[in-house]
Amino acid sequence: MQLPILSILVFLPIVGIGILLILDRKRHKGLKIATLAISLVEFVVSLPLWFNFNSQTAAMQFVERREWLPTYGISYYVGIDGFSLLLIMLTTLLTPLCVLATWDDIQHRVKEFMVCLLALMAGMIGVFVSLDLFLFYVFWEVMLIPMYLLIGVWGNPARRVYAAIKFFLFTMFGSLLMLVAILVLYFHYGKTTGTYTFDLLKMYGTSIPFNMQFWMFLAFGLAFAIKVPMFPFHTWLPDAHTEAPTVGSVILAAVLLKMGTYGFLRFNMPMFPEAAHYFVPLFSILAIIGIVYGALVSMMQKDLKRLIAFSSVSHLGFVMLGLFTFTMPGVQGGIIQMINHGLSTGALFLIVGMIYERRHTRMIVDFGGLCTPMPIFAIIFMIVTLSSIGLPGLNGFVGEFLILLGTFQVNKLYAVIAATGVIFAACYMLWMFQRVIFGKVTNDKNKDLKDLSWREIAIFAPLILFIVWIGVYPSTFLDKTKASTENFLALMEKAKSTHVSQSHVFKGEAQ
Amino acid sequence: MTFTIPSFHLSSIGPWLTLTVTAILILVLDALSPKGRKVCFSWLALAGLAVAAFQTIGLWGSTGTDFVRMVYLDNFAFFFYFIFILGAALTVLISRQYLEDYGKNMGEYYALILFATVGMMLMAAGAHLIMIFLGLEIMSIAVYVLAGLFREDLRSNEAALKYLILGAFSSAFLLFGMAMLYGASGGTLFLDDLPLRLGADPAMAYLVLLGVGLLIVGFGFKVAAAPFHMWTPDVYEGAPTSVTAFMAVAVKAAAFAAFARVFFLAFPAIKVDWTMVLWVMAVATMTIGNVAALSQTNIKRMLAYSSIAHAGYLLMALVAANQLGAVSLLYYLLAYTLMNLGAFGVVILVGRKKDRYINIYDYSGLGAQHPVLAASMALFMFALAGIPPTAGFVGKFYVFSAAVQAGYIWLAIIGVMNSLVSVFYYLRITVLMYMKPAEADLGPVVFSPAQTAVVALTAAGVLAIGIFPGSLYNLAMNAVKIFPGL
Chain A
1 MQLPILSILV
11 FLPIVGIGIL
21 LILDRKRHKG
31 LKIATLAISL
41 VEFVVSLPLW
51 FNFNSQTAAM
61 QFVERREWLP
71 TYGISYYVGI
81 DGFSLLLIML
91 TTLLTPLCVL
101 ATWDDIQHRV
111 KEFMVCLLAL
121 MAGMIGVFVS
131 LDLFLFYVFW
141 EVMLIPMYLL
151 IGVWGNPARR
161 VYAAIKFFLF
171 TMFGSLLMLV
181 AILVLYFHYG
191 KTTGTYTFDL
201 LKMYGTSIPF
211 NMQFWMFLAF
221 GLAFAIKVPM
231 FPFHTWLPDA
241 HTEAPTVGSV
251 ILAAVLLKMG
261 TYGFLRFNMP
271 MFPEAAHYFV
281 PLFSILAIIG
291 IVYGALVSMM
301 QKDLKRLIAF
311 SSVSHLGFVM
321 LGLFTFTMPG
331 VQGGIIQMIN
341 HGLSTGALFL
351 IVGMIYERRH
361 TRMIVDFGGL
371 CTPMPIFAII
381 FMIVTLSSIG
391 LPGLNGFVGE
401 FLILLGTFQV
411 NKLYAVIAAT
421 GVIFAACYML
431 WMFQRVIFGK
441 VTNDKNKDLK
451 DLSWREIAIF
461 APLILFIVWI
471 GVYPSTFLDK
481 TKASTENFLA
491 LMEKAKSTHV
501 SQSHVFKGEA
511 Q
Chain B
512 MTFTIPSFHL
522 SSIGPWLTLT
532 VTAILILVLD
542 ALSPKGRKVC
552 FSWLALAGLA
562 VAAFQTIGLW
572 GSTGTDFVRM
582 VYLDNFAFFF
592 YFIFILGAAL
602 TVLISRQYLE
612 DYGKNMGEYY
622 ALILFATVGM
632 MLMAAGAHLI
642 MIFLGLEIMS
652 IAVYVLAGLF
662 REDLRSNEAA
672 LKYLILGAFS
682 SAFLLFGMAM
692 LYGASGGTLF
702 LDDLPLRLGA
712 DPAMAYLVLL
722 GVGLLIVGFG
732 FKVAAAPFHM
742 WTPDVYEGAP
752 TSVTAFMAVA
762 VKAAAFAAFA
772 RVFFLAFPAI
782 KVDWTMVLWV
792 MAVATMTIGN
802 VAALSQTNIK
812 RMLAYSSIAH
822 AGYLLMALVA
832 ANQLGAVSLL
842 YYLLAYTLMN
852 LGAFGVVILV
862 GRKKDRYINI
872 YDYSGLGAQH
882 PVLAASMALF
892 MFALAGIPPT
902 AGFVGKFYVF
912 SAAVQAGYIW
922 LAIIGVMNSL
932 VSVFYYLRIT
942 VLMYMKPAEA
952 DLGPVVFSPA
962 QTAVVALTAA
972 GVLAIGIFPG
982 SLYNLAMNAV
992 KIFPGL
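For the protein sequence lines, the chains are A and B, in the order given. The numbering used here applies: residue 1 is where the first sequence begins, and numbers increase by one. The numbering used here applies: residue 512 is where the second sequence begins, and numbers increase by one.
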């Protein structure tokens, strides 16, 4: 019998919570070591996924299925394909690093913090492996609570409560509408086929009348667009990022935002392909607005964390643009860009967290000339900055290049406007980097800053390894997603033939 | 003239008899025991409830009617018996220490709880409108007295008086509605006979509608549905906290039991009419409840408005009027009993002696002082807000699916948006507990064993039936088979 790796991944953190609960709450180091051990075990357990993954097939792998609520058609049904594989690996890789990053950062209520972190981990992996709509929804919501607590309890005292509640309400708003949409879909599927089920794979390729697809796409899309976040729904992000503790920002940026884009890829587009084609202009334009707007706003930020937060809006705009091209390079680029953003932005938040630990400020004006006291820090910061900008040879370039390539095939104007985002990115990132790292040390407090410790270097080492790896030899990662992408594109191609115009929709003629 | 006594089986009303006898025994013992001597009435009451529960298990699965078709024997009723017994038992457990602090640990309190429970059972099993009315009155009168238990306290007095006067009005409406139906049906009030007899004479159609409308008023009052909810915040705030908990769960469940049975069984022919009215009431109830709860600073008042909002969600299940709706009603009421009683258990514990601390700001910093207590309260709040993996989520999931299945997609959307509003005020409690420092030292929380047990049991229950809802769903499905029209 095959080992149920995915279930172990989902439930190991929960077992870990049980272990943490019986440990002494006063021994902070012990708690942190225990959490680190659990997250490392989790990482090791996830490795077989990578090595035993069959990249020739688009079918779900490592599938497990147990009845949960059989009379309702709900089952515990998990499995992965190329899309989720990369995101799961990203999650299991980042979590131990996050635990390491809390070593000096978190000093009060350590036990609760670690419990939240592990709960978050279980929820994130659960979202990526679920193949049952109900199960997916449960994980999607469950994950809200620990993140809310991370922001609200360990965040910046001044505005953490505001940010936490805003985060919770925004996400909840989207997901509640998605719940209604899931139910409508469930009953529609049950009525047309006679079997009532929440099985996602069965939902693929059902013929849903266009009128219904239209609304379903919007309802699901709203939930995911808020999470991504796409342009008009992004306002929770800067607040949540800025107020969250370092680790909260890292996880939020690296993994939680990907749930939105992953949701589009896994749920929205394959389930409602005709509506997806119909909405290409809307979502592409919103993505482009996000790219340019995020970049422009980043340029004017005085707070490092806020700057990175807005740059996320811009980067995620690229991902969305790529996914909505429905071309091979566009979609693959989108997926690889999700991972890139997780690595680079995660690293950037860690970097800001580390200088915040030393100086207790995140304002750009308070720094300057940091390369003199902290040379190693400056080097790492530079690599990550360049990766985020998209320098050839580093990961960002691969993702953005593929996305722009895909976009160019579909719509040249979009590609041209989006490409300006890359230029703006260079502007705001390099300008920020220059103001923080180069020049003379203007502030006396910065003169004696300690350079990175071995622990801190150890956090960055794996991140930088992958930043370079993806930049130099992306095929390792692209190959894993190839079969899934082809399958996805074939599905989308099939639905392309139906042309529907807006007037049809509102006259109710569209079927 | 000869009378023949129709045959009946006392065992079919076993749980009622047990509880009545226990209540009378408690009263007698209370009267006979010398002043100042403590008799453990609460244990006696619990024993009675346990026996009643066993009798209900024995009855489970039996069908038909008894006592000249006056009493239904069906799983729908028995499922509700369990809810009432659970509600009453948990109430008894949280009451003892609370009442002793007030010097009110009296026998009649427990007797009244048991009498009210008997009334509820009559309502759930009544096969004749008059039986349902009798049950409603038995329950209501006991609860009127309970609300005014602290007779030296002005608020408690106000609560009791308000509840009595408004409750009497609503009973009158209900009775008047029944009279209309009696006329319209040509002289019967058996639920089984009503559907056929009501449709017999088209000239009576308006009379039927009038009667049904009056019934909605009567039941709407008991479940605290808008616009008949005005009494709720004042009564819930003024009544002793343990009684509030009892009212919020058991009384509401009983009223919904009767509401659902009467409407599903007797009026399927005019479903279009009453679902329309209930649709409006459901929307109004949840919106008013949730919006008003936003601005409350007294935790009892907040929970009062939240219970109004939950009545709104439950009305959605009635509006859906399908099998799933009935199932969701049963499941939701059980889940609600657990999570709400748990929340009130925490309110009593945090209130310390004599409800001193029932402002929501008194919860500031609780997360640091009493992590486990705060975590349970957070769990109940998340459950009431309907966030997985709790019973509250599954309950809402069922209710919304019932509404969607019946085609009320807008109602479901309004429902979920209301949940969103409710998230805000439930979250505020967790914000206070975890993210704000304590404002003042309120002194230690005294954990009495019984109250702690209630909080622990309900917390475990909320999680257990939230994560594994399967078997309960099947039980509820089995229980609603009695509604052929759905």
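Hints listed in this document are in silico derivations from the structure and should not be mistaken for laboratory results. There's no promise every hint is true.
What the hints assert, rightly or not - Derived, one-sided and incomplete: chain B residues facing chain A with beta-carbon distance under 10 Å:
(1) ASN668
(2) LEU672
(3) ILE676
(4) LEU677
(5) ARG863
(6) TYR909
(7) ALA923
(8) MET928
(9) MET988
Predicted, not measured: the structure shown is a model, and the values here were computed from it. Ideal placement from N, C-alpha and C gives every residue a C-beta, glycine not left out.
Taking the earlier hints as the rules, which of them does this structure contradict? 1, 2, 3, 4 and 5
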